[in-house]
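With chain A fixed as given, assemble chain B with the ligands onto it according to the hints.
Taken in order, these protein sequences are the chains called A and B.
The working numbering numbers the first residue of the first sequence as 1 and each following residue consecutively.
The working numbering numbers the first residue of the second sequence as 1001 and each following residue consecutively.
Treat each hint with caution, since some may be false.
[Said to hold, decoys possible] Restraint ranges, calculated between C-beta atoms of paired labels, are given here:
id	chain 1	residue 1	chain 2	residue 2	range
1	B	Tyr1017	A	Ser181	57 to 67 Å
2	A	Arg145	B	Asp1011	21 to 31 Å
3	B	Lys1116	A	Glu109	51 to 61 Å
4	A	Arg144	B	Lys1113	29 to 39 Å
5	B	Asn1043	A	Pro336	24 to 34 Å
Everything labelled a hint here was simulated from the structure, so no lab data went into it.
A quick note: this is a predicted structure, and the numbers were derived from the prediction, not measured.
All residues carry an ideal CB built from backbone N, CA and C; glycine is no exception.
Single-letter residue listing:
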Amino acid sequence: MLRAALVFVVAAVGITAILSMGGTAQAATETEAVTTAATSGGTNLLIQNLFNGIVFGLLLALASVGLSLIYGTTGLSNFAHGEMVTFGAMITYFLATPQAVSFPLLPFEFTVNWPFWLAAPAGIAIATALGWVQDKIIWSQLRRRRVAMIQQMIVSIGLSLALVNFIQWWMGGRPVRLVTSIDPRKQYGPISVGNVTLISMVIAIVALLAVAFFLQRTRLGRATRAVSDNPALASASGIKVDSIIRIVWMMAAGLAALGGILLALYQQGIGFDDGTKLLMMMFAAVTLGGLGHPYGALVGSLIIGVVAEVSTVWLPPDLKFATALGILIIVLLVRPQGILGKAERVG
Amino acid sequence: MNDKPVILDADNLIAGYLPGINILNGCSMEVKEGELIGIIGPNGAGKSTFLKALFGLVPVRDGAVTLGGEDITNLRADELVKRGVGFVPQTNNVFPSLTIEENLEMGAYQAHKNYKKQLARIGDLFPVLIQRKNQRAGSLSGGERQMVAMARALMMDPHVLLLDEPSAGLSPARQDETFVRTREINKTGVTVIMVEQNARRCLQICDRGYVLDQGTSAYTASGQDLLKDPKVIELYLGTLGA
Ligand SMILES: Nc1ncnc2c1ncn2[C@@H]1O[C@H](COP(=O)(O)OP(=O)(O)O)[C@@H](O)[C@H]1O
Ligand SMILES: [Mg+2]
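Same shape as in the complex, but just chain A (with noise of 0.2 Å):
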């Protein structure tokens, strides 16, 4: 447990490093528009601030919490997670945009055109499919097989780099926009926020609530939570843990489009690494809350939201991330297990 904590939060360290070297990431630039948004309108920046934390943390949980499920039920470290939530994203971009489309290498162009409210249900279904593809043809082979897990961590990094090149070239370089009418901020007391960010928060409470629920009231949630207890006592019950694993991906991969989709709108705007990016903030949610525990990847997605956003009242929004991760070295410091994880008590 330790071990793959440690294992996370050098990569996410490391991640953040390359990044931080490279261009400035387009969540900044339309978060610092928000914060001159509430500075300009005299009001109480800590709360609006503290209110955008709480906005971005909940797409941050709904990204990592399929990242969460996969670390429980099958002890791998998914690198190519930031590309689900990417993808979800393009899919619906290239089901709703008016523009021409085309599919890689095929000569012929044609429009899709659908309206949003259809276009993002089918991306996020056919981002649950990729789910069930990516296990069926990579992840439960590994499984039969015995990979190891550090073996099947470095198959999902190669996994990552390919998808990140893949949508780059077929969604080219500049960020696209799902939808393109603007958004405009109301003025609700000290929080200035538009109509269609509301809409996602609520969007992303619900997912994470049936989250929630699913893992707690219905037999096959709690049958998850058991293969992530103990995946050969899971099968010695008699459930069918690759079954169970299945789901899982399934689930994976369509909430981490849901949370895509939602940052799009939010930032107004998605790019072919923003998924990518995020990772690390995943990562870093996910072993503050409680690596593998249900429940973390949400405590620890709000934490690093909130953190990473309030900092900026105070330190140069460049610097928001790394105290975010600052915050989760301290807390491991304190709680190696993360916050939610639980030391059990041995014999």
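Showing chain B with the ligands alone in chain A's frame:
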């Protein structure tokens, strides 16, 4: 006992965890319906590995396992549960983050229509588990976990039950309770195969014992005969009180 049909037959099993390293080097066992079989042997002999190989949790590289005449070699554990085999592992035998009740529910995963009925039946056997059904299994003591593990395995009403050191880590009084309970479960018609460290107590209650050493089943005899066997006394029972 001897006229009953063979229910479980393991023939010359070769099995192991890591490629190229065999832990079992030709393990055989023949169990008749309704028998209570004890397996004893030194630490690291492969007793746990043997049970796991029977139950599809360790790959069998050679040899065959049959259940009621049907070949079950390398079948997945959940398939064996479907065929009426139950297994209580030696360690990690509960789901720590699930409540006691959820643990029992998982035991009846394939027969959830009968869940309530089974829960009532198991509740009569282990009333304390029902009183504490909402407690997380991870917070239980070793003895309590053993109880949850046994109850979970009984939820499917198995007709063959594999137990790996059910008395390990229990106080002497609790150990006695476990042996008595095992015998009672066996009397209801369940075939029981039990691995035990407490060789003397195990051989006293079992119909037949197997001695396992270095991954091979060295020999078998009735429990009473093994208790009198000078070699078994020397190696596994100690001379005191023999
Ligand atoms: N999961 C495992 N992976 C690799 N080797 C194992 C594993 N479990 C047990 N072994 C090895 O198998 C041998 C037999 O172990 P085991 O079957 O647990 O013995 P016993 O139950 O008789 O004490 C030991 O040498 C042990 O080190
Ligand atoms: Mg053992």
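Outcome of the hint check:
Checked against the given bound of 57 to 67 Å, the beta carbons of Tyr1017 (chain B) and Ser181 (chain A), roughly 59 Å apart, stay inside it. A hinted range of 21 to 31 Å for the beta carbons of Arg145 (chain A) and Asp1011 (chain B) is consistent with their spacing of about 27 Å. Against the hinted window of 51 to 61 Å, the Cβ-Cβ separation of Lys1116 (chain B) and Glu109 (chain A) comes to about 60 Å, which satisfies the hint. Restraint check, Arg144 (chain A) to Lys1113 (chain B): a C-beta distance of roughly 31 Å satisfies the suggested window 29 to 39 Å.
With their beta carbons about 31 Å apart, Asn1043 (chain B) and Pro336 (chain A) fall inside the hinted range of 24 to 34 Å.
Of the numbered hints given earlier, the model fails none.
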